[in-house]
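K.L.:
Now for the letters of each chain:
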Amino acid sequence: MIMHGTEKMELSPKKNQILGKFGTHVSRGQIRFLSAGRLDIFEGKRTGVHFEESVTGKRYVDGFSSAGCFNVGRGNPEVLDELRAAVRQGCDMGSSGLHSRHKVEFAKKLIQVCPGDLNRVIFAGSGADAVDGAIKLALGATGRTKILSMVKAYHGHSGFSLSANGKDYYKELFEPLMPNFDFLPFGDLEAFIRKADRNTAAVILEPIQGEGGIHVASDEYLAGLRKHCDDLGIQLIFDEIQTGFGRTGKLWAYEHSGVVPDIMVLAKSIGGGVYPNGAIVYRDTPVLTNFGEKNPWFHASLGGGSDIGCRISSKVLDHILENRLWENAERMGGKIRNGLLKLQEQNPEIILEVRGRGMMLGLEYKHDFMGMLMAECLSRKGMFAAYSGNAPQVMRFQIPLTLSEPEADEVISIIEEALKIMKLYLLLLMPLSRLPLIGRVLNNQKVLISSSAFLRKFGF
Amino acid sequence: MNDLASSHELLQETQNCFPKALISDLAARGHDFFESGSDGVWLYDEKGNAILDAHSSGGTYNLGRSRPELGRALLDAAETTDQGNFVLVSKEKVRLVERLARFLPYDLSCMLFTVVRGEAMDAACKVARGHTGRTELITVDGGWYGQTGFAMSLSDRKDKADFGPLIPDVKILPFGDGAAAEKEVTTRTAAVILEPVQAENGCRMVTREYLGKLRRICDQKGALLILDETQTGFGRTGTKFACEGLGTSPDILIFGEALAGGMFPMCGLAFPPRIKSFFDKHPLIHLCTFGGHDVGCLVADKALDLYETLKPWNNAQKQGERILNGLRSKAGEYPGAFQSVAGLGLLLSIQLTSNEKALAFCKAARTEGLFCVPGEVLKSSIMIRPPLTLTDEESDRLVEAIQDTLGNL
Numbered sequence: 004m005i006m007h008g009t010e011k012m013e014l015s016p017k018k019n020q021i022l023g024k025f026g027t028h029v030s031r032g033q034i035r036f037l038s039a040g041r042l043d044i045f046e047g048k049r050t051g052v053h054f055e056e057s058v059t060g061k062r063y064v065d066g067f068s069s070a071g072c073f074n075v076g077r078g079n080p081e082v083l084d085e086l087r088a089a090v091r092q093g094c095d096m097g098s099s100g101l102h103s104r105h106k107v108e109f110a111k112k113l114i115q116v117c118p119g120d121l122n123r124v125i126f127a128g129s130g131a132d133a134v135d136g137a138i139k140l141a142l143g144a145t146g147r148t149k150i151l152s153m154v155k156a157y158h159g160h161s162g163f164s165l166s167a168n169g170k171d172y173y174k175e176l177f178e179p180l181m182p183n184f185d186f187l188p189f190g191d192l193e194a195f196i197r198k199a200d201r202n203t204a205a206v207i208l209e210p211i212q213g214e215g216g217i218h219v220a221s222d223e224y225l226a227g228l229r230k231h232c233d234d235l236g237i238q239l240i241f242d243e244i245q246t247g248f249g250r251t252g253k254l255w256a257y258e259h260s261g262v263v264p265d266i267m268v269l270a271k272s273i274g275g276g277v278y279p280n281g282a283i284v285y286r287d288t289p290v291l292t293n294f295g296e297k298n299p300w301f302h303a304s305l306g307g308g309s310d311i312g313c314r315i316s317s318k319v320l321d322h323i324l325e326n327r328l329w330e331n332a333e334r335m336g337g338k339i340r341n342g343l344l345k346l347q348e349q350n351p352e353i354i355l356e357v358r359g360r361g362m363m364l365g366l367e368y369k370h371d372f373m374g375m376l377m378a379e380c381l382s383r384k385g386m387f388a389a390y391s392g393n394a395p396q397v398m399r400f401q402i403p404l405t406l407s408e409p410e411a412d413e414v415i416s417i418i419e420e421a422l423k424i425m426k427l428y429l430l431l432l433m434p435l436s437r438l439p440l441i442g443r444v445l446n447n448q449k450v451l452i453s454s455s456a457f458l459r460k461f462g463f
Numbered sequence: 246m247n248d249l250a251s252s253h254e255l256l257q258e259t260q261n262c263f264p265k266a267l268i269s270d271l272a273a274r275g276h277d278f279f280e281s282g283s284d285g286v287w288l289y290d291e292k293g294n295a296i297l298d299a300h301s302s303g304g305t306y307n308l309g310r311s312r313p314e315l316g317r318a319l320l321d322a323a324e325t326t327d328q329g330n331f332v333l334v335s336k337e338k339v340r341l342v343e344r345l346a347r348f349l350p351y352d353l354s355c356m357l358f359t360v361v362r363g364e365a366m367d368a369a370c371k372v373a374r375g376h377t378g379r380t381e382l383i384t385v386d387g388g389w390y391g392q393t394g395f396a397m398s399l400s401d402r403k404d405k406a407d408f409g410p411l412i413p414d415v416k417i418l419p420f421g422d423g424a425a426a427e428k429e430v431t432t433r434t435a436a437v438i439l440e441p442v443q444a445e446n447g448c449r450m451v452t453r454e455y456l457g458k459l460r461r462i463c464d465q466k467g468a469l470l471i472l473d474e475t476q477t478g479f480g481r482t483g484t485k486f487a488c489e490g491l492g493t494s495p496d497i498l499i500f501g502e503a504l505a506g507g508m509f510p511m512c513g514l515a516f517p518p519r520i521k522s523f524f525d526k527h528p529l530i531h532l533c534t535f536g537g538h539d540v541g542c543l544v545a546d547k548a549l550d551l552y553e554t555l556k557p558w559n560n561a562q563k564q565g566e567r568i569l570n571g572l573r574s575k576a577g578e579y580p581g582a583f584q585s586v587a588g589l590g591l592l593l594s595i596q597l598t599s600n601e602k603a604l605a606f607c608k609a610a611r612t613e614g615l616f617c618v619p620g621e622v623l624k625s626s627i628m629i630r631p632p633l634t635l636t637d638e639e640s641d642r643l644v645e646a647i648q649d650t651l652g653n654l
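These protein sequence lines map, in sequence, to chains A and B. According to our numbering, the first sequence holds residues 4 to 463 in order. According to our numbering, the second sequence holds residues 246 to 654 in order.
Please note that the accuracy of each hint is not assured.
In silico contact screen, one side only, chain B against chain A (beta carbon under 10 Å); selected entries [to be verified]:
| no. | residue |
| --- | --- |
| 1 | Ser269 |
| 2 | Arg310 |
| 3 | Val339 |
| 4 | Tyr351 |
| 5 | Met366 |
| 6 | Ile412 |
| 7 | Asp414 |
| 8 | Leu418 |
| 9 | Gly536 |
| 10 | His538 |
Read the hints as simulated data drawn from the structure, not as lab findings. Backbone N, C-alpha and C fix where the C-beta goes; we use that ideal spot for every residue, glycine too.
The following block holds chain B by itself, in its conformation from the complex (with noise of 0.2 Å):
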């Protein structure tokens, strides 16, 4: 079996693999070119030309591309170790959980280890049924929280019903309406979920004041508090968690792969001892095999010395607020296609005035050199979500090619 020659002869094989429909897709965007490497903030295609990541795999690479460090730390954890048996305990786990206990806010000191966001979503709904004895899940309009199960019963999706009834006694309620969480949310409630910021929604925030009453509602209910920081956690807001910097500590926070830096698929949830008591009373309840790979608990360490020394949170705040002030700065000269910008830190959001505007906006870009997509659930909105090292130089060259961009639509 010969490598694939040319990119012609591997566009006629993806096409003999994948939906046509996907390359398509993807052609519309502006996307249809093979990913060829990367570093720091770059991708490269097969010719090539440099793209600014503006996309960074849903909020994965925060510490850049190709984080040459976290690749000595992959091979060096393959000659050591592998995945392991799953249902062993192991050093490498055992060092990884001590030190994220460690790295995580609040009392957040226990965890489950799972491959995709989605079984991340899936496992705290699941704990939040089996640790309340009750099954109602709550959750608000505009969240996207994963593929799987649960995480897609939550989810804003607008194709949802295709996929027949999905997780009975979920209820949805409108985002930031603290009144309807009073009346909703009863002692029935298992748990109330949300992301602190809504990525895919326009990078729509909680305020503080609506958090902290959603917790105290909690309190009062016996509820628990799930907050999805997939997209937030790890610096991307300009704290280490949004929790953090809205002051309220969840019950359950689910992290997504920028744990592993993009090293290595790994997401989780992490939750105190007084919930973690379920796990005692219940062990191999939620098995993932590939949850807590010894491999990834080493690269998943490595990243957290990363996150310590760089405390890329703080380049985070530093460069969102330089975007945020260079693309407010010339807000009014596109009156057709540009409507207003939202975000916090590095996870920034542009709406558009239409979600055509936004695929010809991701395709423009494209030949502006940035690699951008638009919100699952907002699709009129084009996300901004650069990895966390980027520097003042590449941050101007971000702005200028979303000006460029929506300048030539």
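For reference, chain A alone in the conformation it holds in the complex (with noise of 0.2 Å):
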């Protein structure tokens, strides 16, 4: 790889003894993973849509916001003060099983931006609580046994979401996990058609695929699932726990296509990037909420709901309200796209498709090993991309939706000089990727992350 004689300062003492620690401590196979894409950094000051790595004082452009949470940007400082608001007012995070003021005024302002008859909600602690309780909730209500879910589908790592999550790499080493999930074809209705039947509780889906590498689902697509699950009395279920909030340029993704599900889990933006939180909020229907009459704590979460989360919450909601930040990521989202398309036509070589909506893309490239090193020659140029976890030759960009038109420039000419890093790269690696062998290794992302981490250790 490419020497960088600057950046060897990094290797400072202090930074090695703090990866030593979270190796001791925590995963050293992390340290590992990092260190090949260039991303053993710390964050330092987090502000807006950029935080400075706290041992170089390298300014980032935060192009992941921890897949999705940061939609009201790092460091808001409205969301700043309710926080001190509430801790001026003594608030906790109150009694699990109360009621309270903070609590109420939060489901009541969620409702108001839901759709129609989606006006019940359950908090929970995060994403995956969420998901574990809407799952819960469809299995109860309907008293049917069968899941569906996606190929490629990611919804967190409990019980119930890891069940429906579409990657061997997180699953197989647990199992058997909760038996009758299945998976389809993420798009294919007739895949949905064929193994949908009236033993079918629910069908989960993100409505654009995070992990599985920024999948847009059509709104035929949508609208199919919407009329076949009313048909047998199945439970649809969205997951917007990365797409809601604003991110793809409307307040929930579901109002694309203007198919409304039964029940719709968030997470990840609900805590303003401060404070978790998490909802599942679901349809008014007599199947629903004859089941949430009658089992009123079946999914009682100690950790979501709180009084502060509520309070945080809250205000998110109110920020992203009065200042139509949807419509900033459609806008900004629109020129960054225009920008990689751009991109993809100066480097076909390396760049296959550009897909997503709004603040949510998703950059392919033409083989599995770009994505590490591209992330690798990201960082080098100031900004932290992560690659897909379940399709590791997609970059995704999810950055914070209070971007400016400089900023959202900056970020086009960032990936622009990443870009001529990567055809160094390429000089050296495409020959080689045409050799069988290589090219399998290559593409293998143990192989590239031990070769890279050892060779980072020398200071490419």
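Build the complex: two chains, separate frames, hints provided.
P.N.:
Right under this line is the structure:
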């Protein structure tokens, strides 16, 4: 790889000490993984769409937003003011099992901006907790036992959410998981029709698959699912954990198609980047409402719907609504998308496709190994971006929605510069990748991580 | 969007967003009020009435309600950091893991953080399966571990069947039965999972001998011993962690929200380096976006300061005995309602004669200025689980409120 004299400074003893401790107490493998993509960095000061690396002071654009948690921007002043007010007024998490003004006010705000009769709320502590609750709701309410999910789906790592995960890496060491979970190719309505029956409790999907590599469900597909779900009494669950709160150019991704789910799952940006929260919102239909009435405590989360959490979530929603943040997502997302399309034209040997909606964009490379290399090139040029966990050949861009016009220009120029470095790598790697054995090795993530991490040790 | 004006209006809105049964259930327990503040061992309703918090939100508030030091730590943390990108290493995370490794007993120096306790149990079961390459999970009856998939599959929960077939290869043994464990735990068992004190089940406690025996069986068969200390940890039972008092080291210890003292939702699991090797080999295999949140790490760090300074386990032991003595001194006076009281430190449970009596107790207690809830497993029991900062006077007030409530039943 390429020598970069000044960046060797980063390997200060202090930094290695911190990484070493993380390796001792959490995972050495994670450091290897991060180091391979030049992502063994620490976030220092975090403002808007940027953070400063705390050892070198180098400025990064946050191209990942912790998978879409920072929609209102990092260190949002209004959100911080609300946190200050909450603490000043003596708030804590509150008591699970008691109502409070903060909990009710947030629930009320939330259902006001949710479609139609989606007006029943259950709080959860995290996305996974919310997905588990949503699946329990569907199973319990319908009395059926089958759940349909999607290939490459990502819903979390807890018992039910992992069972609905469409990637083997996350599951295979922990099986057997929940029985009767089946997987469909995303976007294939015929496959759904073949598998769905009157023992199917729910079909769960992300309107745009995030981890799976930014795949957008077509309006027709969603409308088709809705129709067949209605016919068969199947609950349609939209996981809007990544797509919600303005990310895709609408407040909720379902608005693009107008297809209303029975159950919607929310987390990530609900917490404004400072405080965990999550929610399940469901329709006031006889089957769901009756179950909720019979089992009002069926998913009582201690950490979800806390007093502080609900105050923060209320403020996040206010901020998004007052600033119509989804419109900026649409505008700036369009600008970046155009920039990426132009780069695709200029780099057809690297970029296969540009996908996504609003500011949930994906860049698919021609080869699997390019994801990690590009993460490394972007990091060099001052942008943190993650390649998809469920699809390493896809770079996900989920920048905070507060991105300004000049910042969007900065993003495009960083990606352009990163592609230039990428081309240098490829001068070496492309001829090699055509050799069958080496090509296979290059596209093996494990091998690539360990060899890159090894080279990084010596300053490459 | 204006703030909701009166509590009447608030109640209306509550009915518009949540199941109506939730509100009637709360009313049946006397909990149909709006929590409007808290400090120390007290919470306040919307009229400003002080109510002694004997629920501690499931064992979250070991350091007392709305602890000002933790509030300041939360604000300071939010000024300098935020949740961070979850895949990255951060100084905040490293600071907490290093600190917590010193605080936790035995060789439990490695960890993974989650938001809810159920997910911590789910992660523990996964690690057990992944680490041992075995699939069977064994627990005991009467347990309660949380709401997520694995946690619920292991819990003694009456409505479990409503959610269809759950995690396969789970076996539930009779609690306290060493011979059954001897027979059933085999070389295909990944883990044996239990709570040192079954808080939701009348505070049924493991004995030193039983736990020691499980430890030996697990060692012989190569299974992991997982202890859920979400309720018993951080001083509640009179020692930092119940497993210390019981003299048994688990392979995985699950800790609950008490970690951050109720100022931030954070739970997790701790294990020795030999088990962490699983995460060395399989990085990023259990992700939790809000787990190991940088703000949460700094709040938890401050909470550990407080735990180390206050050593609230000493007070938990003292006040627990004071309450037990107080209640036992008049135990014979309420024959129609009261049966017994059990527990350790400030994790106590009052056994009443029926489920109905337990609900009636909660409702009557509310008028005596006491907030408490029935057990999730043993619904005829009432949990008494106040913050560990309880003073002598507050203990006496608690005993008095319980006695007056029993007298009124």
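K.L.:
Which earlier hints turn out false for this structure, listed by number in ascending order?
P.N.:
Per hint list: 4 and 8 violated.
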